[in-house]
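Residues 42 to 172 (my numbering) make up the sequence shown, in order.
Calculated from the structure, these hints are not laboratory results. No residue lacks a Cβ here, since even glycine has one placed at the ideal position from N, Cα and C. Take these hints with a grain of salt, some might be off.
Listed next, the in silico DMTMM-like pairs over lysine to aspartate or glutamate satisfying Cα-Cα at most 20 Å (straight line) [unchecked claim]:
#1 Lys149 / Asp97
#2 Lys132 / Glu105
#3 Lys149 / Glu105
#4 Lys149 / Asp166
#5 Lys52 / Asp165
#6 Lys102 / Glu44
#7 Lys98 / Glu125
#8 Lys98 / Glu158
#9 Lys98 / Asp154
#10 Lys102 / Glu156
#11 Lys52 / Asp166
#12 Lys102 / Asp154
#13 Lys52 / Glu87
#14 Lys52 / Glu125
#15 Lys102 / Asp53
#16 Lys102 / Glu130
#17 Lys149 / Glu125
#18 Lys149 / Glu44
#19 Lys102 / Asp166
DEER-style ranges, computed between Cβ atoms [to be verified]:
#20 Gly134 / Asp165: 23 to 29 Å
#21 Lys98 / Asn65: 35 to 41 Å
#22 Glu59 / Asp166: 28 to 34 Å
#23 Ile124 / Tyr62: 28 to 34 Å
#24 Gly134 / Asn168: 26 to 32 Å
#25 Arg43 / Asn168: 31 to 37 Å
#26 Asp154 / Gly80: 17 to 23 Å
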Amino acid sequence: MREILFRGKRKDYGAWVEGYYVHNFWNDGEDTIHLVDGGCCTVMPETVCQYTGLTDKNGRKIFENDFVSCRQYIGGNWVEYCIERGYVEMKHGAFGLHRIQGYYRPFKDWMEDYEYEVIGNIFDDPNLRNI
42 MREILFRGKR KDYGAWVEGY YVHNFWNDGE DTIHLVDGGC CTVMPETVCQ
92 YTGLTDKNGR KIFENDFVSC RQYIGGNWVE YCIERGYVEM KHGAFGLHRI
142 QGYYRPFKDW MEDYEYEVIG NIFDDPNLRN I
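Working from the sequences, and respecting the hints, build out all of it.
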């Protein structure tokens with residue numbers, strides 16, 4: 042079964058937390074978002090990202106809005122000159138890589154032949170958009 046998991050930055054001190062997404066409307070009209078995993082905390086809504094269900098070559102979970110570097114496996118070898126970079130996004134109902142070159146490709150089209158590594162995210166490392 043697929044794991045449904047989210048992460049977001051805490052509103053109080055900015056640390057990343059993972060858990061289950063709960064959306065509440067309080068009586069005062071303030072819209073709050075909580076990630077609940079053995080407790081709950083308020084997170085910045087703009088930082089909430091969904092887990093793709095994939096891990097990188099180091100076992101790190103790949104989330105929406107992560108920057109990812111990937112290299113291709115050709116003829117039994119990892120090819121260093123075929124490195125692609127981009128950020129993870131949900132488009133047309135599927136997670137994929139929005140490449141720095143400007144176009145989107147769903148992970149399902151190239152999972153078998155590539156190795157991925159999370160190198161940052163758009164919130165903590167916005168400069169990676171330009172690499």
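Hint check:
1. Lys149 / Asp97: Roughly 15 Å separates the two Cα atoms, so the pair holds.
2. Lys132 / Glu105: The hint holds at about 11 Å.
3. Lys149 / Glu105: holds, 15 Å
4. Lys149 / Asp166: Distance of about 26 Å is beyond 20 Å: violated.
5. Lys52 / Asp165: Holds - the C-alpha atoms of Asp165 and Lys52 are around 15 Å apart, at most 20 Å.
6. Lys102 / Glu44: Holds - the C-alpha atoms of Glu44 and Lys102 are around 11 Å apart, at most 20 Å.
7. Lys98 / Glu125: Holds, at about 15 Å.
8. Lys98 / Glu158: Within the cut-off at roughly 6 Å; holds.
9. Lys98 / Asp154: holds, 13 Å
10. Lys102 / Glu156: Distance of about 13 Å is within 20 Å: holds.
11. Lys52 / Asp166: holds, 18 Å
12. Lys102 / Asp154: holds, 19 Å
13. Lys52 / Glu87: holds, 11 Å
14. Lys52 / Glu125: Cα-Cα ~33 Å, so violated.
15. Lys102 / Asp53: violated, 24 Å
16. Lys102 / Glu130: Given that 20 Å is the threshold and the Cα spacing comes to 14 Å, the pair holds.
17. Lys149 / Glu125: holds, 16 Å
18. Lys149 / Glu44: holds, 17 Å
19. Lys102 / Asp166: holds, 17 Å
20. Gly134 / Asp165: 23 to 29 Å: Roughly 27 Å apart at Cβ, these two residues keep to the hinted range, so it holds.
21. Lys98 / Asn65: 35 to 41 Å: holds, 37 Å
22. Glu59 / Asp166: 28 to 34 Å: violated, 18 Å
23. Ile124 / Tyr62: 28 to 34 Å: holds, 33 Å
24. Gly134 / Asn168: 26 to 32 Å: holds, 30 Å
25. Arg43 / Asn168: 31 to 37 Å: holds, 32 Å
26. Asp154 / Gly80: 17 to 23 Å: violated, 41 Å
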